[in-house]
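There are 4 protein chains.
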Amino acid sequence: MDYFYAPGRNHLFVPGPVNIPEPVIRAMNRNNEDYRSPAIPAMTKTLLEDVKKIFKTTTGTPFMIPTTGTGAWESALTNTLSPGDRIVSFLIGQFSLLWIDQQQRLKFNVDVVESEWGRGANLDVLAEKLAADRTHTIKAICIVHNETATGVTNNLATVRKLLDHYGHPALLLVDGVSSICALDFRMDEWGVDVALTGSQKALSLPTGIGIVCASPKALEATKTAKSVRVFFDWNDYLKFYKLGTFWPYTPSIQLLYGLRAALDLIFEEGLDNIIERHSRLGKATRLAVEAWGLKNCTQKEEWFSDTVTAVLVPPYIDSSEIVKRGWKRYNLSLGLGLNKVAGKVFRIGHLGNLNELQLLGCLAGVEMILKDVGYPVKLGSGVAAASAYLQNNIPMIPSRI
Amino acid sequence: MDYFYAPGRNHLFVPGPVNIPEPVIRAMNRNNEDYRSPAIPAMTKTLLEDVKKIFKTTTGTPFMIPTTGTGAWESALTNTLSPGDRIVSFLIGQFSLLWIDQQQRLKFNVDVVESEWGRGANLDVLAEKLAADRTHTIKAICIVHNETATGVTNNLATVRKLLDHYGHPALLLVDGVSSICALDFRMDEWGVDVALTGSQKALSLPTGIGIVCASPKALEATKTAKSVRVFFDWNDYLKFYKLGTFWPYTPSIQLLYGLRAALDLIFEEGLDNIIERHSRLGKATRLAVEAWGLKNCTQKEEWFSDTVTAVLVPPYIDSSEIVKRGWKRYNLSLGLGLNKVAGKVFRIGHLGNLNELQLLGCLAGVEMILKDVGYPVKLGSGVAAASAYLQNNIPMIPSRI
Amino acid sequence: MDYFYAPGRNHLFVPGPVNIPEPVIRAMNRNNEDYRSPAIPAMTKTLLEDVKKIFKTTTGTPFMIPTTGTGAWESALTNTLSPGDRIVSFLIGQFSLLWIDQQQRLKFNVDVVESEWGRGANLDVLAEKLAADRTHTIKAICIVHNETATGVTNNLATVRKLLDHYGHPALLLVDGVSSICALDFRMDEWGVDVALTGSQKALSLPTGIGIVCASPKALEATKTAKSVRVFFDWNDYLKFYKLGTFWPYTPSIQLLYGLRAALDLIFEEGLDNIIERHSRLGKATRLAVEAWGLKNCTQKEEWFSDTVTAVLVPPYIDSSEIVKRGWKRYNLSLGLGLNKVAGKVFRIGHLGNLNELQLLGCLAGVEMILKDVGYPVKLGSGVAAASAYLQNNIPMIPSRI
Amino acid sequence: MDYFYAPGRNHLFVPGPVNIPEPVIRAMNRNNEDYRSPAIPAMTKTLLEDVKKIFKTTTGTPFMIPTTGTGAWESALTNTLSPGDRIVSFLIGQFSLLWIDQQQRLKFNVDVVESEWGRGANLDVLAEKLAADRTHTIKAICIVHNETATGVTNNLATVRKLLDHYGHPALLLVDGVSSICALDFRMDEWGVDVALTGSQKALSLPTGIGIVCASPKALEATKTAKSVRVFFDWNDYLKFYKLGTFWPYTPSIQLLYGLRAALDLIFEEGLDNIIERHSRLGKATRLAVEAWGLKNCTQKEEWFSDTVTAVLVPPYIDSSEIVKRGWKRYNLSLGLGLNKVAGKVFRIGHLGNLNELQLLGCLAGVEMILKDVGYPVKLGSGVAAASAYLQNNIPMIPSRI
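Chains as they are written, first to last, in the UniProt record's numbering: chain A, 1 to 401; chain B, 1 to 401; chain C, 1 to 401; chain D, 1 to 401.
Honestly, I wouldn't trust all of these hints.
As the list makes no split between identical chains, a pair holds if one copy fits it or if it spans any two.
Said to hold, decoys possible - Derived lysine-lysine pairs resembling DSS-like cross-links, with alpha carbons at most 27 Å apart:
hint	residue 1	residue 2
1	56	242
2	378	295
3	344	242
4	226	139
5	324	56
6	139	52
7	324	378
8	340	300
9	344	371
10	45	324
11	56	239
12	107	223
13	344	324
14	239	324
15	239	344
16	324	295
17	226	107
18	52	223
19	328	45
20	239	340
21	324	242
22	45	300
23	129	300
24	242	340
25	139	107
It should be emphasised that the hints constitute simulated quantities derived from the structure, not laboratory data.
Kindly generate the complete structure, drawing on both the sequences and the hints.
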């Protein structure tokens with residue numbers, strides 16, 4: 001029935017796709033229906049309103065595209081830019097690398113600002129470039145808010161400050177795939193022009209919706225953007241928004257109902273509480289890593305990610321063995337090290353609909369794996385460090401007080 | 001809980017998204033999992049093998065892209081063609097119109113061959129064009145196998161014959177969205193270079209996978225195709241096929257399991273039996289339409305579609321009233337008339353995982369609606385005509401004999 | 001995956017278990033939980049309040065026992081009566097027969113009042129017995145409201161009138177298995193002392209909850225009832241009701257959530273609208289039977305059941321062949337003739353969460369089967385007769401107007 | 001949507017109902033069907049064969065009764081015994097107490113052999129009674145294999161040895177509710193005459209099937225057993241077994257499919273591997289308890305249960321506060337102390353479809369709770385002790401090697 005069955009729950013700690021809450025699984029457990037009936041537009045309308053809240057925008061226009069994060073990237077770029085446009089993009093890990101690859105293949109002229117993997121975007125270089133760019137040849141700044149490969153969170157507020165400081169009109173395009181709805185993200189306040197995420201990340205849904213949110217300035221940019229686009233064209237959506245039927249082509253009925261349920265749960269918990277919960281989970285994970293005597297791939301505290309922790313292993317250990325062993329012995333799914341950090345790091349995803357005891361079970365599993373592969377960990381040490389913090393900080397469950 | 005609840009089952013007779021069988025709904029009822037574990041590649045491998053069977057190809061290469069039919073179109077075009085390329089495309093209804101619109105926006109040079117809506121592709125014009133094109137400036141023929149808006153099935157075998165007759169090397173790109181896995185479709189035999197469908201049609205899944213199958217010649221064409229593409233680029237898939245991990249970006253775990261279950265059901269029923277079943281449902285529907293004294297939008301028998309019937313209503317009736325009434329009074333979902341035939345036709349979709357008694361319930365509903373809107377139908381007449389045919393032709397259910 | 005797979009929906013027209021609405025299937029799609037947490041009691045409290053509404057009682061006490069209708073029968077009897085107690089019970093078909101068998105095996109002294117199968121309870125005999133019973137030796141009247149085997153609905157109001165007329169204190173115990181929540185049933189108004197139903201009938205849930213409702217007089221009777229009982233003992237429930245934990249032993253978490261969803265749907269549609277819908281479906285079915293030239297097993301209109309129709313077939317046809325053929329050729333599930341009417345009747349169940357087009361599909365199927373087995377039916381005739389009535393009587397769906 | 005929502009998974013560690021594996025939840029996600037069609041009997045036949053394997057019997061006859069464990073008890077007693085029959089029954093905790101209460105209310109003459117709660121059945125007293133009972137007035141020995149309230153497992157092999165030693169013909173009736181399919185249980189080898197369990201325990205299903213298995217001797221006893229029974233009467237089942245339709249009344253379609261899936265998973269894992277897994281989980285839990293400096297309610301190692309651990313708390317702590325806090329702060333469901341040990345113990349259930357990392361998450365949670373309520377636990381100590389054992393003993397997952 002299943003491929004490679006194992007008893008008990010799979011402990012899913014890759015940084016996406018993440019655990020789907022039961023109420024959302026339930027909401028999606030349904031037959032197809034006619035998306036041109038009054039029901040789907042009525043629901044879509046509520047989704048478009050509510051999805052803006054997780055971007056913290058009131059002025060943005062959201063698009064819920066039947067695609068993945070990669071498609072959402074493409075949509076962000078092709079709707080606002082023209083081939084040959086100069087953009088500044090930060091290479092700090094595998095996902096920013098892939099986005100830059102896409103930018104280049106889409107024929108943009110990319111100034112790649114590279115950092116060592118484990119470090120955040122080099123904003124000093126950005127400042128220099130902005131300062132030098134008196135004629136505003138830079139059309140967009142592309143930045144990954146949270147680099148999933150290295151567990152690095154970039155400081156978007158500073159990016160905005162720099163743009164404002166230099167009075168630079170470049171668009172600010174943000175990949176929020178592993179941040180939005182989990183980390184502090186403020187589209188309007190930070191003047192983000194295009195922000196995007198994928199349904200299978202902090203929203204805790206299956207893969208299948210790339211959610212892109214465009215500022216008025218970004219929408220304005222579509223009028224002159226010459227990049228060829230059809231499937232990803234926002235204008236087709238806007239046309240159907242006006243008609244009140246909302247969909248230029250067939251959406252997934254199931255994902256829409258799932259998104260409705262997911263948003264309901266998010267608002268029930270409270271977006272700020274969710275961000276706080278991710279902060280707790282991130283902190284607890286880092287305390288465990290420290291207790292194990294291992295290093296975080298992320299080099300400075302200012303970049304620590306609360307949705308994923310990349311753990312460096314000693315040179316005599318192949319980190320991919322850790323991931324394999326998790327799956328083969330403990331039914332625990334951890335993230336591989338990718339590209340430059342392959343074999344060197346394994347990753348613990350701690351985003352989405354997840355609670356503290358789930359994380360502690362994972363940490364206990366990682367300890368046993370570390371011992372399996374020959375690292376002299378003190379069993380229980382990471383759990384103890386994480387628990388000590390959590391026991392002081394977990395709030396009572398509001399609905400149950 | 002639901003939007004606009006009504007007791008009993010919704011009778012879903014739009015030509016997609018169609019009814020999902022219970023075993024497929026069950027198969028998708030699951031949490032996310034790590035798509036980089038050995039499980040998903042192991043399953044994906046079986047899917048790629050098995051999905052070729054519904055295209056009737058052994059030489060084609062399939063791509064299961066997380067997108068819709070519109071995305072599958074774009075993938076077919078951009079992977080094989082370059083901007084400016086001359087293509088011949090047939091406009092016979094709303095969906096061929098939309099594809100042509102996409103072709104033009106993607107900067108191809110489109111020879112539009114238009115037919116009256118209700119008629120098939122004008123293959124005489126194709127013959128002329130091929131005959132005249134001694135220098136092979138035509139790079140591709142784009143044709144919708146089954147035009148969902150008018151219920152017209154084109155004759156692909158003839159298209160192939162013409163290409164062969166003139167020794168013309170143009171690629172043959174086929175939209176099989178409402179045909180593949182329901183109508184007779186033979187990718188290899190008919191020399192189709194790119195064929196495509198969407199998961200929510202005859203495969204009876206939710207929306208979310210655009211399945212594209214490319215011939216060796218089409219794969220060869222990717223090497224020179226200059227259309228800009230990233231998300232839809234087959235080469236990214238091919239790279240991961242070689243790695244054995246299969247996915248350049250995150251697929252929907254749920255849809256993959258759903259596709260596995262759907263293919264299992266398809267092979268259990270037998271592809272030829274499925275085509276035969278659609279033939280029965282199509283014929284029964286047309287007999288009912290005839291008994292009601294109404295006309296089929298499709299003008300000739302050679303074009304009759306076995307997956308959707310577009311029914312012309314008398315001028316004094318607005319066909320959209322029929323669709324509205326179905327939803328508001330009978331919990332019956334019918335297809336609207338689109339664009340040129342808006343108000344003039346309503347559509348009965350009879351594709352996917354559907355049986356005869358479901359169709360007869362629908363036909364009984366249509367009769368009552370027709371009476372509701374003032375058409376002097378004899379109640380029971382269509383059901384009688386359809387039943388008379390079906391009672392002679394339905395086979396015993398093989399598993400139950 | 002499934003046993004004996006067939007394409008499309010199974011058309012389920014046995015008089016129970018009946019079709020479960022999708023929202024209820026969804027509500028039950030969940031893991032177990034601790035039934036001693038605050039959640040289950042909180043939900044149970046709402047269920048106990050709301051379930052009374054479908055019995056039309058404000059004074060009754062409901063018990064939701066993890067059992068079937070047979071267990072609910074046993075609970076009704078053993079909680080209110082003592083071995084040797086004289087009861088009057090009406091034998092009018094297979095289910096009343098089975099209840100009487102139970103009554104006898106539980107050591108009650110049963111006055112069996114038999115009617116020809118197809119006729120209602122002989123209330124003249126009841127009147128005689130009550131008149132003669134000056135010393136009130138009769139402790140209870142047991143009556144099946146709707147005999148599922150023959151499609152006969154008994155007149156409970158008259159039973160109450162007779163008891164009142166003779167000032168007789170006998171308890172009135174009613175099997176409402178195939179009536180409550182589908183037919184007009186008024187526990188308080190008709191002075192019913194114990195009424196019961198099963199979750200898989202008009203409530204449209206899976207089998208597994210026997211719902212029993214006891215009047216204050218019935219509760220009083222428990223104090224002197226000497227029948228041995230433990231699992232079915234109401235007092236154990238009452239003890240836990242007082243404690244506020246509600247459950248003397250483990251309930252099915254899934255069925256409780258399902259019942260919550262089912263009740264929500266019932267109240268959304270409105271109990272009176274549900275009864276009206278069953279009346280339409282019953283009437284339409286009988287019109288079809290008449291159009292086919294067949295006889296209803298129910299001999300008089302006053303006993304016609306709106307939840308199940310037992311159809312008499314001509315002597316040269318074996319009705320079980322009709323049922324078999326439905327399953328083997330049309331994926332249609334009809335009810336067999338039972339016991340005395342085996343081979344002579346087949347049954348169309350039309351209860352639960354069902355709409356008119358579903359029924360018309362079934363009727364079209366029955367017509368084809370009748371032809372299959374050699375009965376000279378005019379195809380379409382039954383559907384025409386039913387449609388003519390329905391088209392005049394189906395209301396607009398309130399939520400969609 | 002849910003009552004008292006909390007983010008992430010509920011950690012379900014009550015000793016039943018237990019976690020349902022996803023494939024089983026999926027299998028139950030379905031509409032009703034006709035239980036008189038060929039499908040349900042065909043499946044039932046496989047269930048009756050396969051369910052015997054988890055009792056380790058080839059000669060027993062199983063009954064899958066739509067009821068709970070309490071109903072299964074009643075079925076075991078009433079089918080084999082007559083009112084007034086002398087039985088020996090061991091009182092060692094809340095569930096044996098409840099069974100004895102039932103035995104007395106069913107009018108048996110019960111020799112209650114009481115032990116201090118936390119100790120096993122006093123088999124010395126049994127030996128005395130058997131020795132003294134030359135005339136075989138004792139008709140049955142009733143024993144709970146695993147007392148869920150105190151975490152005590154009785155030695156059934158010794159009970160059988162005593163019966164054999166004294167050549168005593170008393171029936172041996174065993175409550176295996178929290179043991180069968182989790183602990184070593186051997187119906188045939190130990191000469192158990194009636195064994196029973198409930199679907200919501202080690203089988204990891206919802207509540208709703210009481211599975212009772214009867215030896216040939218137990219079946220023989222039904223012929224003379226005078227206890228009144230109808231719903232629970234095995235003879236009604238046997239009658240329908242002979243007919244090949246299997247069900248005297250309506251079963252739950254969903255639970256049957258669920259049981260089919262559960263058995264498939266059990267056989268895939270292997271019953272002996274399952275018992276081994278429970279042994280690991282039990283041992284790990286006890287090591288944690290020891291590391292916390294707390295006492296096991298179970299007084300001797302020979303009685304330690306591998307499915308549930310009852311933990312004694314110091315007198316200054318109310319154990320029910322621990323359970324409350326688990327639910328209110330950590331989304332962790334622990335078992336309350338019941339009756340005599342109320343306030344004194346809390347219970348960790350570790351049975352059913354559960355793996356080691358789930359347990360470690362629970363143990364980490366218990367540690368934080370202990371600290372919350374003022375017990376001076378060293379955080380991480382229990383997890384460390386459990387992990388040290390587990391890391392040495394968890395096998396590779398066979399399907400993934």
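Hint check results:
1. 56 to 242: Within one copy only: 23 Å inside a chain, 42 Å across chains, cut-off 27 Å.
2. 378 to 295: For residue 378 and residue 295, the Cα distance is within 27 Å both inside one copy (16 Å) and across copies (25 Å).
3. 344 to 242: Close across copies (24 Å), not inside one copy (51 Å); limit 27 Å.
4. 226 to 139: both (13 Å within a copy, 25 Å between copies)
5. 324 to 56: neither (39 Å within a copy, 36 Å between copies)
6. 139 to 52: Intra 25 Å, inter 44 Å, cutoff 27 Å: intra-copy only.
7. 324 to 378: within (21 Å within a copy, 32 Å between copies)
8. 340 to 300: within (19 Å within a copy, 56 Å between copies)
9. 344 to 371: within (17 Å within a copy, 37 Å between copies)
10. 45 to 324: between (44 Å within a copy, 20 Å between copies)
11. 56 to 239: This pair counts as within: shortest intra-copy Cα distance 24 Å, inter-copy 38 Å.
12. 107 to 223: Both. Shortest intra-copy (19 Å) and inter-copy (17 Å) distances satisfy the 27 Å Cα cut-off.
13. 344 to 324: within (14 Å within a copy, 43 Å between copies)
14. 239 to 324: So residue 239 and residue 324 pass the 27 Å test across copies only (23 Å; inside, 48 Å).
15. 239 to 344: So residue 239 and residue 344 pass the 27 Å test across copies only (24 Å; inside, 49 Å).
16. 324 to 295: Answer is within: at 20 Å inside a copy they meet the 27 Å cutoff, but 38 Å across does not.
17. 226 to 107: Cα proximity of residue 226 and residue 107: in one copy and across copies (11 Å, 12 Å).
18. 52 to 223: The answer is within: 23 Å in one copy meets 27 Å, while 41 Å across copies does not.
19. 328 to 45: Answer is between; shortest inter-copy Cα gap is 20 Å, intra-copy 45 Å.
20. 239 to 340: Result: close only across copies, 19 Å inter versus 44 Å intra.
21. 324 to 242: Between copies only: 21 Å across, 50 Å inside.
22. 45 to 300: neither (42 Å within a copy, 42 Å between copies)
23. 129 to 300: For residue 129 and residue 300, the Cα distance is within 27 Å only inside one copy (24 Å; across copies 66 Å).
24. 242 to 340: Intra 47 Å, inter 21 Å, cutoff 27 Å: inter-copy only.
25. 139 to 107: For residue 139 and residue 107, both the intra-copy (14 Å) and inter-copy (24 Å) Cα distances are at most 27 Å.
Hint check: violations occur at hints 5 and 22; the rest are consistent with the structure.
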